[in-house]
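Chains as they are written, first to last, in numbering that gives the first Met the number 0: chain A, 0 to 223; chain B, 0 to 358.
If you are wondering where the hints come from, they were derived from the structure by calculation, not from laboratory data. One thing to keep in mind: the hints can contain errors.
Claimed, not checked - One-sided and incomplete, this derived list gives chain B residues near chain A with beta-carbon spacing under 7 Å:
1) I134
2) S135
3) V138
Said to hold, decoys possible - Here are the in silico distance ranges between beta carbons for each label pair:
4) A/P190 with B/G118: 17 to 27 Å
5) B/L351 with A/R204: 19 to 29 Å
6) B/K292 with A/T81: 57 to 67 Å
7) A/K96 with B/Q19: 55 to 65 Å
8) B/K292 with A/E66: 55 to 65 Å
9) A/P190 with B/F158: 34 to 44 Å
10) A/F198 with B/I332: 23 to 33 Å
Each residue gets a CB set at the ideal place from its N, CA and C atoms; glycine is no exception.
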Amino acid sequence: MSSQYKTIIRDGLWENNGVFAMLLGLCPSMAMTTSATNGLGMGLATAVVMAASSMLVGMFRNRITQEVRIPVFILVIASMVTLVDLFMNAWMHELYKVLGMFIPLIVSNCLPLARLESFAGKNPTLPSLVDGLFMGLGFTIALTIIGAVREIIGVGTLFADASLLFGPAFKFMEMRLLPTDTGILMMILPPGGFLTLGFLVVGKRMLDVRAGKAIQMGGAHSAA
Amino acid sequence: MSLLSINQSGPFTHQVSSVQKTMFTVLLALMPATAFNLYLFGWPAILLFTITVGSCVVAEALCLALAGQPIKAALSDYSAALTGWLLAMSLPPWAPWWVGVLGAVFAIGLAKHTFGGIGQNMFNPAMVGRTVLLISFPVVMTAWVMPHPLFSAGAPGLFEAIGITIGGQMPDAVSAASALGHVKTELSRGIPVTQSMAQVPDLMDMMLGYRAGSLGETSAVLILAGGLFLMARRIISWHIPLSVMGGLFLIAATFHAVDPARFSSGTFHLVSGATFLGAFFIATDYVTSPVSKKGQLVFGVGCGVLIWLIRTFAGYPEGVAFAVLLMNALTPIIDQYTRPRAFGRNRKGEPLPLGKGKP
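Turn these sequences into a full structure, and let the hints guide you.
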């Protein structure tokens, strides 16, 4: 694997992580992270959309003119979201019911659009696909971590109902870490989302500082 | 040597004012009410109080250590102790120990030190601690008990108290609703305020404090005495306390006059719940209240009206903590609009025109 792909992968998962570094897509990372399962489901759906739309835009980047690129990007994302939406409604209905409105709302998530604008619109198909996929996976990891922290502190479980949502094979993931009725309810409520995200962003920056890296101030424009 | 560098100043005297001294005076002012209430609720309350204040100080030390700041100097200003003290006064007296510890973590760690420590916090730390606890543990945080004065019959001894506070064995049949909670529950059952009011302690008892409630909610008189002491020492001015209570009283009295069956009276609102504690000790926090006197009046009236709104229409029977936090959030805006005009300049900061207008 060439070093270009390594950089793309490391950027997506850690250096330029969509949530922890660029602070993009905050609406789902607040609203859909009341449990690790929800975060994982939401993240995976977004990752699929991002990989597919990045690849398509990478393919047709020379056909898309500068003037109409934003509407085109949005349409590509919207089509992919519709596909994922119908797919999940058909085969992952429990998860679909939980995520509900937030699947269609992936269209308005700024992370896919930011990656199309700053990466896929300028790069060939394969790197675009890799970028979309790993940015999406980075997003998934972030949402799962936020969800896990909130779920553990809030209700004392981890990946509760995973088998219900993803299928019986995922029964092994369901854990209870704290006895019942010991959770701090606030962590499940909106303030908990903001607190968790804030502390995790600080945590990532502390790790970066410890590793001797200069802190990169977030923002879509600094990406890629 | 020029004149300017000579170490002398004009013939002004001034009283040394420091954070340490201010905080200590506030603690002193809280002392009578605290002592009386600790007596009233006995050993469990004393244990909880000690644990809460202690964990606030420990949390402060840990946060300072994490931030790499000198620990000893900052601890000796009593600000953490005061936060813990106010937090403890807003808890149900027989709550288990972990309530105090968690409250301290949220108050000091979250509300104070994530914003940068003393003087930097946007929200009142003690009230953040209380609110987080109330939202997270609604059952524990509303388990009020009737007063069980120390050494009286039926009051828990030290060992029983350890069972209650540390072991979490809440004895049955001692719980009681606070007056506000009682009126609210009865109202939701369709019983008008005029009837349910007959079952709450009369106003005199509420003034003196012999009733169920948190440490700081009972005994309005002693809180008032502490507040007046603070005013006499010029630690606080009359603006915030008076406007909080005035705003609350006026709006409550107006609605009570319109429909006495639905709305409790202004006097009831004043002496019940944490009105006095909030008005004198919590809303007046230097860091989180407006600077100018005009701004303080706006802030106070806002607190008063919000307290009434929350008590009357929201899901919780008591709203002092929420009201103060909401007004804390508005403090920067209030400060912006009530900035006094600098001498020789207009409100926008531009110099006044010279030679125009009246001489």
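Taking the hints in turn, this is what the structure says about them:
no. : hint                           : in the structure
1   : I134                           : 5 Å, holds
2   : S135                           : 4 Å, holds
3   : V138                           : 9 Å, violated
4   : A/P190 with B/G118: 17 to 27 Å : 23 Å, holds
5   : B/L351 with A/R204: 19 to 29 Å : 48 Å, violated
6   : B/K292 with A/T81: 57 to 67 Å  : 59 Å, holds
7   : A/K96 with B/Q19: 55 to 65 Å   : 58 Å, holds
8   : B/K292 with A/E66: 55 to 65 Å  : 57 Å, holds
9   : A/P190 with B/F158: 34 to 44 Å : 38 Å, holds
10  : A/F198 with B/I332: 23 to 33 Å : 27 Å, holds
Taken one by one, the earlier hints fail for this structure at numbers 3 and 5, listed in ascending order.
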